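Could you build all of it, start to finish, from the sequences and the hints given here?
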Amino acid sequence: MPSSINRNASSLFTSNGFSTARLMAYCLAAVLLMALDQRGAYNQKIRTSLATLVSPVQMLASLPVEMFEAIGENLVARENLLTINQNLEDRLLRQQVKLSRLSALEDEARRLRSLLGARSGLRVNTLVAELLHIDLDPYSHKVIVDRGQNDGVFAGMVVLDAGGVMGQVDIASPETAEIILISDPDHALPVQVARTGMRSIAFGTGDTSILMLPNVSINADIKQGDLLQTSGMGQLFPAGYSVARVMSVERSPGHPFARVWARPLSQLDRAREVLVLFPEKTIDKSTQDNAESAVLPKADPKAPEADTSAVSDSR
Amino acid sequence: MNALREKQNLFYLLLGLGLFLSLLPLPDNLEAFRPPWVSLLLIYMSLQGSRPVSLGFVFSLGLLADILLSSLIGLHALQWVVLMFLMAKFSSRIRFSSPLRQMLTVFFLLLNERFILLWVLLLRGEHGLGFYLWVPAIIGALIWPLMFVFLSRLRQLSQRN
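Chains as they are written, first to last, in this note's numbering: chain U, 2 to 316; chain B, 942 to 1102.
Each hint should be verified, as a subset may be incorrect.
[What the hints assert, rightly or not] Simulated restraints on C-beta separations:
hint : chain 1 : residue 1 : chain 2 : residue 2 : range
1    : B       : Pro1086   : U       : Met68     : 26 to 36 Å
2    : B       : Asn950    : U       : Leu82     : 47 to 57 Å
3    : B       : Phe1091   : U       : Arg92     : 31 to 41 Å
4    : B       : Leu1083   : U       : Arg92     : 53 to 63 Å
5    : B       : Gly1071   : U       : Gln96     : 32 to 42 Å
6    : U       : Leu94     : B       : Leu965    : 39 to 49 Å
7    : B       : Phe1056   : U       : Ser50     : 50 to 60 Å
8    : U       : Glu80     : B       : Phe1056   : 44 to 54 Å
9    : U       : Leu94     : B       : Phe1091   : 58 to 68 Å
[Unchecked claim] These stretches of chain B come out as covered by chain U in the derived footprint (C-beta under 8 Å, 3 or more residues):
hint : region
10   : 953-965
11   : 1000-1010
12   : 1021-1029
Note that these hints are calculated values from the structure, not bench results.
Computed from a prediction, not measured in an experiment: that's the story for all the values here.
No residue lacks a Cβ here, since even glycine has one placed at the ideal position from N, Cα and C.
Shown next, in the form of structure tokens:
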């Protein structure tokens, strides 16, 4: 055992001193090796196998540096990521704002398209107006639009939306116009049941979702689901526009008239763009002169006899 | 015997560490300032060892280093064989000299090593590295006292255990 240790030790520390001959031998060997290496005597195979042999050590040596680099990269990447994330968030916010605007525009476009569709069906001169203001008074259903006399709007013009008749221009200012909705308690609209052609008058109730036909005779042919259209009576509203759909018909034996409730087809409380309809008479002239003549004063709910007689005449 | 083996193991370990430190990649601008770890270790070993380091061992170590560092095979072997030969001749003289003289000796030993490198470089038709060729010798001499103290402490500790 001690001898093996001794031999082991002698591999590192030599017991005998060096002779110059030994030095010369080793030096010569080293120079020879270098010269061979320089001349490319070691072919690729030996080089490769040697490199393979020591590559684990080299990898081990480069490990800490790689680790540092990785950490550095990580830090840099994190910083970058934070910056990028910030930028992206900013952009996202901006895009979202844009997007919401776009979706609003899309809605608007859809509404306008349906309006245009309505117009193409009408083949009359129309003007698209946008709602500016809604009167909050629950008993006067009036809205203000951004078209006025300067656009050729005058009192009495019919206002539509995508669903149907919405109301009529009440007061036209140079830049704006006040529109009285069909649901206003003061508003009356000559209508006609599309199925039978029976004429009546639809009054506003003060509720945007309800119109009332108070003067339908008790035996009139009208039932739930009937479509009410403008009758064209009174020379103001052109005939054939959808107005409302009958919700319920109330016939009480003690009353001479049935009470008919209808739901407006136009979105009285939701529309944003409306279509102002030029009366056919004024399409070419579109002046305010015959505006006066075209004006139909708001129908008086208390005196609906005139149209009632017309209804009874038709039967 | 046991102490000798332990000392030897410690030196093997240190030489491995020295090779490792020589392999450790450094940024390019620091590469020239890398201390010649293995040379310093070999100097210390032949200075403190009871017997000179065997030339065969140093030769093999040099070949290993050449393969590891992918330098010209035989270069480190030649450098360290010469270094060990010189140390065997002069170690008894500088062992008890003043630290400054020791530093100076180490500097000249390392300078000799660099001369061998320069000689090889010139033989190969390469240009010398200019001032940077000599920087490791200066660095090695400068850190020699620190290394000497550190290694002596280490040896004392390992012997005490």
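Now the hints, each set against the structure:
Our hint of 26 to 36 Å for B/Pro1086 and U/Met68 holds, since their Cβ atoms are close to 32 Å apart. Taken as a hint, the range 47 to 57 Å holds for the pair B/Asn950 and U/Leu82, whose Cβ atoms sit roughly 48 Å apart. A hinted range of 31 to 41 Å for the beta carbons of B/Phe1091 and U/Arg92 is inconsistent with their spacing of about 57 Å. Range check, B/Leu1083 to U/Arg92: Cβ separation about 56 Å, and the 53 to 63 Å hint holds.
The hint said 32 to 42 Å for the Cβ distance between B/Gly1071 and U/Gln96, and at roughly 59 Å that hint is violated. Checking the proposed 39 to 49 Å range against U/Leu94 and B/Leu965 shows it holds: the Cβ atoms sit about 48 Å from each other. A hinted range of 50 to 60 Å is violated for the C-beta pair B/Phe1056 and U/Ser50, which are about 33 Å apart. For U/Glu80 and B/Phe1056, the Cβ-Cβ distance of about 48 Å falls inside the hinted range of 44 to 54 Å, so the restraint holds.
One distance hint, 58 to 68 Å for the beta-carbon pair U/Leu94 and B/Phe1091, holds here, with the actual separation near 59 Å. Judged by the Cβ-Cβ criterion of 8 Å, the region 953-965 of chain B is covered by chain U as claimed, because 5 of its residues qualify and three suffice. Residue count for the region 1000-1010 of chain B with a Cβ under 8 Å from a Cβ of chain U: 6. That meets the three needed, and the coverage hint holds. A count of 5 residues in the region 1021-1029 of chain B with a Cβ less than 8 Å from any Cβ of chain U is obtained; the coverage claim is therefore met, three being the minimum.
When the structure is compared with the earlier hints, violations turn up for hints 3, 5 and 7 and for no others.
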